[in-house]
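J.: As a plain string of letters, each chain reads:
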Amino acid sequence: MDKHHSNIEHAHGYSIYVFVWMALLILTGVTVTVAGINLGALTIAAALLIASIKSYLVLTIFMHLRLEMKAFRVFVSVAILFIIISFFLLFSDYSFLGAR
Amino acid sequence: MISQDNTAVHAHRDDIGSRMGMWLFLFTELLLFGGLFFLYSVYRFLHQADFHVAAKELDIIIGTFNTAILLTSSLTMAMSITAMSRDNKKLSISLQVVTILLGISFLINKYFEWMTHINHGIYPGSNDYLSMDSGRRLFFALYYVMTGLHALHVIVGTVLIGIMTRFTVKNVITHDSYVKLEAAGLYWHLVDIIWIFLFPLFYLIT
Numbered sequence: 001m002d003k004h005h006s007n008i009e010h011a012h013g014y015s016i017y018v019f020v021w022m023a024l025l026i027l028t029g030v031t032v033t034v035a036g037i038n039l040g041a042l043t044i045a046a047a048l049l050i051a052s053i054k055s056y057l058v059l060t061i062f063m064h065l066r067l068e069m070k071a072f073r074v075f076v077s078v079a080i081l082f083i084i085i086s087f088f089l090l091f092s093d094y095s096f097l098g099a100r
Numbered sequence: 001m002i003s004q005d006n007t008a009v010h011a012h013r014d015d016i017g018s019r020m021g022m023w024l025f026l027f028t029e030l031l032l033f034g035g036l037f038f039l040y041s042v043y044r045f046l047h048q049a050d051f052h053v054a055a056k057e058l059d060i061i062i063g064t065f066n067t068a069i070l071l072t073s074s075l076t077m078a079m080s081i082t083a084m085s086r087d088n089k090k091l092s093i094s095l096q097v098v099t100i101l102l103g104i105s106f107l108i109n110k111y112f113e114w115m116t117h118i119n120h121g122i123y124p125g126s127n128d129y130l131s132m133d134s135g136r137r138l139f140f141a142l143y144y145v146m147t148g149l150h151a152l153h154v155i156v157g158t159v160l161i162g163i164m165t166r167f168t169v170k171n172v173i174t175h176d177s178y179v180k181l182e183a184a185g186l187y188w189h190l191v192d193i194i195w196i197f198l199f200p201l202f203y204l205i206t
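Here the protein sequences line up with chains R and Y, keeping their order. Take the first sequence: its letter number 72 is residue 72 in this note's numbering, and every next letter is one higher. Take the second sequence: its letter number 65 is residue 65 in this note's numbering, and every next letter is one higher.
One chain only, chain Y, in its complex shape (with noise of 0.2 Å):
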């Protein structure tokens, strides 16, 4: 009976599949940043004064201010997925792209935050950078590396999302099969997890 009403609308087919081939994936970006969750915390217990010393260079409020931009943002991707599965696409496409415009608007604050510190002298290979202790040192290489990586990996999800915007235009996400959109949702939802692991551990140890 199932298998009959399946092939009949779709030949090959299966969500659930899809869901889990995305989490395998998501697993691997789960080691990558452990990886260097791991470098951070014992550079951490081996640095404790001067860790604590070089993030008072961060600034709370716009941390705070991109944490709520990067919450807010995976809010709108979970509600374009129930607006979808509601057969609400023009509701669905609004969500998305307010979606890639918070996921840029924290983008433009890293931007700004990133310019800061490097106008006070500190980036790689500075006379500044290079003066400081070696515990500052390690902080501001993993703040640029891990923060770095998060938002490449932003830049990569609001291109997702922006393919998947298109692809709601264009039918080929219904509100029948709309696995890609939930597997880019997925996908916006680990960064936003990663953001909030790490935004407490490099801006609120002062």
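With the rest of the complex left out, here is chain R (with noise of 0.2 Å):
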């Protein structure tokens, strides 16, 4: 008969992603005049964040994770969640040795 079934829809339109691709542009604009602003602390915070948003569209639509199945979402969810586990853990770790 047809397709094989994980093949049907496993693309996005070519619209959503030149959509996606002027946001991810917009953001790296956004990003740079952030930085230029001196804003202490949240430099850091905003770039990251920005950075966050950025690495989400990609995730989503252009590494097809919205269609996957859920299993997916839940395997790289559960990765990037023990990536900031790790991080979190380490960097209170260091910010106690640089207070001393």
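Derived from the structure by calculation, the hints contain no laboratory data. There's no promise every hint is true.
Restraint ranges, calculated between C-beta atoms of paired labels, are given here [as the list claims (entries may be wrong)]: (1) R/F88 to Y/L107: 26 to 36 Å; (2) R/L90 to Y/V97: 39 to 49 Å; (3) Y/H120 to R/S95: 24 to 34 Å; (4) Y/S18 to R/G40: 40 to 50 Å; (5) R/A23 to Y/L152: 24 to 34 Å; (6) R/F96 to Y/T174: 53 to 63 Å; (7) R/V18 to Y/H175: 13 to 23 Å; (8) Y/R13 to R/N38: 47 to 57 Å; (9) Y/K170 to R/S15: 25 to 35 Å; (10) R/F87 to Y/L24: 20 to 30 Å; (11) R/S15 to Y/T174: 20 to 30 Å; (12) R/S15 to Y/I118: 39 to 49 Å; (13) Y/H175 to R/G40: 45 to 55 Å.
Just so we're clear, the structure is a prediction, and the values are computed from it rather than from any experiment. Glycine residues also receive a C-beta, built at the ideal position from the N, C-alpha and C atoms.
Using the hints, put the two chains back together into the complex; each one sits in its own frame.
T.: Below is the structure:
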């Protein structure tokens, strides 16, 4: 019959990709502009927040996570969660060292 | 019913499994770069002023330009998969070639960038480098290792997409079976995500 079931609808249309691409370019512009303003400690937070939004767009749309089975999204979330946990554990340790 | 359809056309094929395998590999890449990002964050925390001074050496305009190149290459890669799924082989091949060319232009920019630093005497072992404060030395060491490893991934990615283009030409990749192209795409997008974090962390901290 027709297609292998895992290939059905397994790609977005062109227009959504172009929208995501434009959003990514705009966010790049925003992160460069924000970096020029002195926000003190918020500068790095703003940079990381914008980078995370950009990554989310790439993961869900370009990398098709939105079209995949739920298991894919769970796997990726768990992987990212553990990266964040280890980052916080490591960093809290070092920030105490730095305060010494 | 369904299994009958599948066995009639493909003897052993599991596209979902193939993509899951690719994702599992990408998780190991996440650990590889994650470790370097941890290193970066701790050293930046311990040498904040030095990192700010050292980052002035990097050119934000070239960095932004390279970011745009890589984001655009991700767009063409994603579109080449859509083109393939719609049985538009010619368009898919063109988009893959554009992706490769964008990857190469990213590398050319990176080469000129590195040469500028090297001409300024900033490279491991040089007198200028050794006379810097330890914080600035760490910044450039991390810069070379992380952008270098990233550039290595861009090289691997362009070669991979090149192989996929050959597969597409030879009809190994078809509109009915293009999971290989998708896997190459996943790799390429991961390389893009890593750059999305590298760019603000190295170029935009002045």
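J.: If a hint holds in the structure, say so; if it does not, say that too.
T.: Tested hints:
no., hint, verdict
1, R/F88 to Y/L107: 26 to 36 Å, "holds (35 Å)"
2, R/L90 to Y/V97: 39 to 49 Å, "holds (42 Å)"
3, Y/H120 to R/S95: 24 to 34 Å, "holds (33 Å)"
4, Y/S18 to R/G40: 40 to 50 Å, "holds (47 Å)"
5, R/A23 to Y/L152: 24 to 34 Å, "holds (28 Å)"
6, R/F96 to Y/T174: 53 to 63 Å, "holds (57 Å)"
7, R/V18 to Y/H175: 13 to 23 Å, "holds (21 Å)"
8, Y/R13 to R/N38: 47 to 57 Å, "holds (56 Å)"
9, Y/K170 to R/S15: 25 to 35 Å, "holds (30 Å)"
10, R/F87 to Y/L24: 20 to 30 Å, "holds (21 Å)"
11, R/S15 to Y/T174: 20 to 30 Å, "holds (24 Å)"
12, R/S15 to Y/I118: 39 to 49 Å, "holds (43 Å)"
13, Y/H175 to R/G40: 45 to 55 Å, "holds (53 Å)"
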